[in-house]
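Asks: Each chain, letter by letter, is given below.
4 protein chains.
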Amino acid sequence: MKKAQILLHCPDQPGIITQVTNFITVNKGNIVYLDQYVDNEEKIFFMRLEWELDNFLIPADKIAEYFDTLYAKKYNMTFRVYFSDVKPRMAIFVSKMSHCLYDMLSRYTAGEWCADIPLIISNHPDMGDVAKSFGIPYYIFPITKDNKTEMEAKEMALLKENNIDFIVLARYMQVISENMIESYPNRIINIHHSFLPAFIGAKPYQAAYQRGVKIIGATSHYVTTELDAGPIIEQDVERITHKDSVNELVRKGRDLEKIVLSRAVRKHIEHKVLVYRNKTIIFN
Amino acid sequence: MKKAQILLHCPDQPGIITQVTNFITVNKGNIVYLDQYVDNEEKIFFMRLEWELDNFLIPADKIAEYFDTLYAKKYNMTFRVYFSDVKPRMAIFVSKMSHCLYDMLSRYTAGEWCADIPLIISNHPDMGDVAKSFGIPYYIFPITKDNKTEMEAKEMALLKENNIDFIVLARYMQVISENMIESYPNRIINIHHSFLPAFIGAKPYQAAYQRGVKIIGATSHYVTTELDAGPIIEQDVERITHKDSVNELVRKGRDLEKIVLSRAVRKHIEHKVLVYRNKTIIFN
Amino acid sequence: MKKAQILLHCPDQPGIITQVTNFITVNKGNIVYLDQYVDNEEKIFFMRLEWELDNFLIPADKIAEYFDTLYAKKYNMTFRVYFSDVKPRMAIFVSKMSHCLYDMLSRYTAGEWCADIPLIISNHPDMGDVAKSFGIPYYIFPITKDNKTEMEAKEMALLKENNIDFIVLARYMQVISENMIESYPNRIINIHHSFLPAFIGAKPYQAAYQRGVKIIGATSHYVTTELDAGPIIEQDVERITHKDSVNELVRKGRDLEKIVLSRAVRKHIEHKVLVYRNKTIIFN
Amino acid sequence: MKKAQILLHCPDQPGIITQVTNFITVNKGNIVYLDQYVDNEEKIFFMRLEWELDNFLIPADKIAEYFDTLYAKKYNMTFRVYFSDVKPRMAIFVSKMSHCLYDMLSRYTAGEWCADIPLIISNHPDMGDVAKSFGIPYYIFPITKDNKTEMEAKEMALLKENNIDFIVLARYMQVISENMIESYPNRIINIHHSFLPAFIGAKPYQAAYQRGVKIIGATSHYVTTELDAGPIIEQDVERITHKDSVNELVRKGRDLEKIVLSRAVRKHIEHKVLVYRNKTIIFN
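Protein chains in written order, with the numbering used here: chain W, 1 to 284; chain C, 285 to 568; chain H, 569 to 852; chain R, 853 to 1136.
These are computed hints drawn from the structure, not numbers from a lab.
Be careful, since some hints might not be right.
[Stated by the list, open to error] In silico SDA-like pairs for lysine to any residue, Cα to Cα no more than 20 Å straight-line: (1) C:Lys527 with H:Asn846; (2) R:Lys1124 with C:Asp528; (3) W:Lys96 with W:Pro142; (4) W:Lys243 with R:Val1127; (5) C:Lys527 with R:Asp1096; (6) W:Lys28 with W:Asn76; (7) C:Lys551 with H:Arg807; (8) W:Lys2 with W:Ile63; (9) H:Lys811 with C:Asn324; (10) W:Lys3 with C:Lys327; (11) W:Lys243 with H:Arg834; (12) H:Lys700 with W:Thr109; (13) H:Lys611 with R:Met853; (14) C:Lys556 with R:Asp1096; (15) C:Lys536 with R:Gly963; (16) H:Lys820 with C:Asn324; (17) W:Lys3 with C:Asn324; (18) C:Lys371 with C:Pro469; (19) W:Lys96 with H:Ala678; (20) R:Lys914 with R:Gly963; (21) R:Lys1104 with C:Gly395.
Excised from the complex, chain W in its bound form (with noise of 0.2 Å):
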C-alpha cells in the first residue's frame, strides 16, 4: 500500500502534533508510524509522520504544496514529503578496498535495500571486476591535484544524467571538493574509520593504537566542508588489547566500518535522518 512520510522541524509551540494529524486523519489518511521529538534547548519541535494514501483525499502530488499552505507557513516549518514508492538513486564511490562495497552490493542484490544504485564511481580501476559481477556500471575518474576540479565536474554530470539522490563514500580516499558538497547538502554520506571526533584526519587506526585506546569505533556522518565534522548518523565500536597490533586494529574495524556505514545508508534510504544544526534526529 503506498503510503507518505512527511520529515518536519519548525519552533516548538502547542498544538502542533494535533494540528498535523489532524489534517491527515480528516482527509482520511490512516496515520501507521508518528515519532516526534522536541530540543529543549534550542526549542524546535521536530517530527516523522507516515500514513496510508489509499484514502487520502488529497492527490499525492498535491500533498506538499496543502501541506505548505495550511501549516508550514502558520508554523514556520522546514519539511519533506516522501513516497514509498519512490526509490532513492544512491552512487557509490569507492577506492581500492572492497569490504564495504561487498557488504553494500550483497544487501542491495539480497532486496534488503529500497534503493537503486545505477552507478559506481572510482578513482581507481581496482573494484571494476566487483561492480560488473552485480551488474552496476563502473566509471573511472583518475582524480590528481591537478585534474580535480574538472574530473569532479565531469563526475557532477554524470550523477546529474543519472539523476542521483545522494552518494555513499564506501572508503573513498579522496577529499570531495567544497562545491560538489554543497550540491549534495546532507547527501553524501561518509565512513570514518575511528570514534569521531577522536582521530579526525588520515591513518585514525595508527593514532588509536598510539595513544593505547581500549576500544575502537567506526563513525557513519553526513560530509560538510569541515572534514570529519559533519552530523553524525551511525556509530558503533569493537573492543581492542594491547595484543592488537595496527594491522589487527585495520583488520578488527573494517566489520565495523561496514556494518556503520549500511546501517546509516539504510537509515537515510528510510527517509528516517533529519539533520538540524549539525546533528542528526534518527527516527526509529
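Place chains C, H and R on chain W using the hints.
Replies: Chains C, H and R alone, transformed into the frame defined by chain W:
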C-alpha cells in the same frame, strides 16, 4: 511544573492519536511527550502521552473520569493516569547479597529516583546495617517452608500499611507465593542472573559455565506465577572467556545484575513500562 | 617466515611449560606466541605455542614424532602440530540465503583468510551465480528425506576428493546426519541464529519475539549429534526493542550471523580453537 | 596458598620464557599463571608470571634479589615482585559526587577487593557521612588556588604516614600538581567522563551533546602531567540518541564511570597492569 502522564492501549483504528492529542490541546494542555506504537500482529495501539497541567482546564482529579467517558469507552481502551508530583512508593526485598541493594540505595540517596523507599524486607538479618546506614527501616521475616503463608501475610500487611506501590526483589532468594504475586500484578520487579530464557532457575552461572557460553547476561522482569517467565523489562550482557571460572562469572555478573535491575526500576518509576500479554512496551 | 603451531592439553602438573618451552629453545626455535590455561575444576592444562622454524634443528616433518616421544607420552598429552604454510581447505554448505556466503567470500577474495575454498555445496541452485562470480565450483545435492543417505555419501566423496579439512554451514537448512558429523569431529562449523542455549531449534527469531527479549544473538558452534548443543566458538548480540517485528529481528540478525560466523571461521583457520568436553578454549 | 607474582619487560630475544619458567620450576615453584606479549614494533617482551610459594626454595624476601642477579641484569629487565598476602593500600580522593565512591566502598565492604582503604581525602565535606557509614576516616583539605602547595604537602604527608600505595580519584574535581603526580608515578588512577581522546578537559558531556555523538564513554587512566593523556587502563561506552539531553548523558555516564573506574582499580590491585611508554599492557 506539574505534569500528567497517560499510558493506554486499545484495538487499533484510525484517528486515535488525533482524538487524544486534540483532547489535550483544546483543554489547553501542552504536550511535552508522545510516543506510540502499533503491534501489527495483534492490531493493538499503545501510547504514552505527557502534558503540562498549568493551564489545563480539567482538574487533575477529574482527568481519569473525563478521559474514560470521552475516549476510553469509545475505543475500548485500558489506560492509567499518573501525575509527576506523586512519588511511587517502593519496597525492597533482599537476602544476603549487597550489590543490588547498595546500587539502588546510593541512587536513591543521590536523588536519582523520583520515588520513596519506606522500608526494606529480608529473610535474613545480614543487610540490616546497610539499611540502617541509609536510614531505612529494615524488617526481618525468617521465612521457612512451614511458616511461609503466615510470614507472607505479615509482609503483605506491612506493605499495605506503608502504601507500597511496587516491590523490587534485589537478589531475594525466596520464591514469592502466587497469592502475593497476584496482589501486585506487574508490580514486582525481579533480577535474574542470566540472559533469559537461557538458564532459568537456580545456579545460572554454573549452568553458563558448563555450557561454555561466550557471553553472560542478566534479566530484569516482572514476576508472574511461572518461574522466570514474566515480562522482560531490561537485559544486558557481558563478554566472557574460557578463562573465567564460575566465581569470575558470579563476580562479573554482579555488575550486570545491579545495573540492569536499576535501569528496570527507573523505567517503572517513570511510568515508561506498559505490559501487554507477557511482553513489555518500553517507552523512551 | 615459516612457523609451527602446537595445540595441546594434558592432566595438569608442575613443569610442563618449562619443559615444552625448553624443547623449542634448545633446538633453536624462536617462540613468538605462547598462551596457556589451566582448567582448575578438571585439572587440565591447555597450551598454544607458535615458533619460527628458520633455524629449528628438527625437520618440520619430524616435529610431531619427536614431540610425541619426548613429551606427549610422558605427560599423557593430546596434541596437534600445524604449519603456517599449509592452508586449511574449507567447504561451504549453503541453502538459499546469501548474507553469510557473501561475507565469507568477500573476505576470502580480499585475502583476509589463510585458507582455500575449493568448493561450495548446496541443496538448492539459488546461490550458484554468487559462487560463479567468485570463481568457485558449486555443487547441488537436492536432498530429500528419501535420498539423504545416498546424497550425503556423494557429498562426502566429493569432500574427500577435494581434501577438505573442515566444513562451514552458512545458514545451510539441512540437518547433517550422524555419520557425516562423526567423519568431521569438531570440524563442522554452524551458525545458529539465536543466543544459545536460548531458542534451540527452528524459528528462533519468532521465539525471541514471542518471549519479548530485549537482546537477540547469534552463536557459532561445532556441530555435534545433539541439535544446537555443540561446543560454542563465538557469540554476539544486538539490542532490540518492542518495536522490532519478527521481520526486523530477521534483518538485524543477519548482520549478527555473518559477523559471528566469520569470526568463528577465522579462529578455526588460525588454529586458535581447542575443544575439550563440549567446550572451547579460544586462544587470542 | 601464598603466591608470588612477577611483572617484567625487557628487549625481546629468544629464550626468555624458557629461562624464567625454568628458574621457577627448578626451585620447586608451581606456575599457576603465565601470560606474555611481544610488542613487535618496539621489540619489547612483557610477561606476568604467578607461582605458588609453598615449596619454593628461595625465601620470599630474597626472590627479587636472586631474580635481579640471575636474569634481570642479563636481559636488561625492568621487573617487580608482588606477594598475594600483601594487600595494596589505597586512598580515595573525592569531591561532591557519590556514585563512584559508593560503588567502590560497596565492593570493598563486600570483600570483593584484596586491598585496604585506610582513608578518604576530599576538598569538600559532602561525602563525610558516606565515609563514616563505611567506617573509613575522612580528611578534608579545602584546596584553593592560593593554598594548593601547602594543602598538597599536608595530603602527601598523610598519605605517607598511612603507607598509601596508590590513589584513586573518584570524580575528584581538582587538578593534581606535578609534584604529587611524580611522587606516585602510574599509581594515581583517574576516571574521565568521556571516551578519550575525545572530549579532553572540562564538561565532556556538554561537548558530546554539542557534537551529536551516538555513543558516550568513560575512560580510566593513570594520571600524568599532561591533562587526560595518561596511559589508559579501561574504557567502556553506552549508546545514546538525539533524545538524550545533557542531563541524561550525565546520568547515563555515571553508570559508565563507576563501572569503568572499579574495573581499572581491580586490575591495578591484582597487579595485572604494566605501563610502558604511556600505554598499558593489561594481563587477564
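Asks: Each hint: holds or not?
Replies: Hints, one by one, checked against the model:
1. C:Lys527 with H:Asn846: 15 Å, holds
2. R:Lys1124 with C:Asp528: 15 Å, holds
3. W:Lys96 with W:Pro142: Cα-Cα ~12 Å, so holds.
4. W:Lys243 with R:Val1127: OK: W:Lys243 and R:Val1127 at ~14 Å, within 20 Å.
5. C:Lys527 with R:Asp1096: Roughly 37 Å separates the two Cα atoms, so the pair is violated.
6. W:Lys28 with W:Asn76: Roughly 25 Å separates the two Cα atoms, so the pair is violated.
7. C:Lys551 with H:Arg807: 17 Å, holds
8. W:Lys2 with W:Ile63: 14 Å, holds
9. H:Lys811 with C:Asn324: Satisfied, since the Cα-Cα distance of roughly 10 Å is no more than 20 Å.
10. W:Lys3 with C:Lys327: Distance ~19 Å between W:Lys3 and C:Lys327 Cα, so the pair holds.
11. W:Lys243 with H:Arg834: 17 Å, holds
12. H:Lys700 with W:Thr109: 15 Å, holds
13. H:Lys611 with R:Met853: 17 Å, holds
14. C:Lys556 with R:Asp1096: 15 Å, holds
15. C:Lys536 with R:Gly963: The given pair, whose Cα atoms are some 14 Å apart, holds under the 20 Å limit.
16. H:Lys820 with C:Asn324: Judged against 20 Å, a Cα distance of about 19 Å means the pair holds.
17. W:Lys3 with C:Asn324: 16 Å, holds
18. C:Lys371 with C:Pro469: Holds - the C-alpha atoms of C:Pro469 and C:Lys371 are around 19 Å apart, at most 20 Å.
19. W:Lys96 with H:Ala678: 11 Å, holds
20. R:Lys914 with R:Gly963: Roughly 30 Å separates the two Cα atoms, so the pair is violated.
21. R:Lys1104 with C:Gly395: Given that 20 Å is the threshold and the Cα spacing comes to 14 Å, the pair holds.
In terms of the numbered hints stated before, the structure departs from hints 5, 6, 20, listed from lowest to highest.
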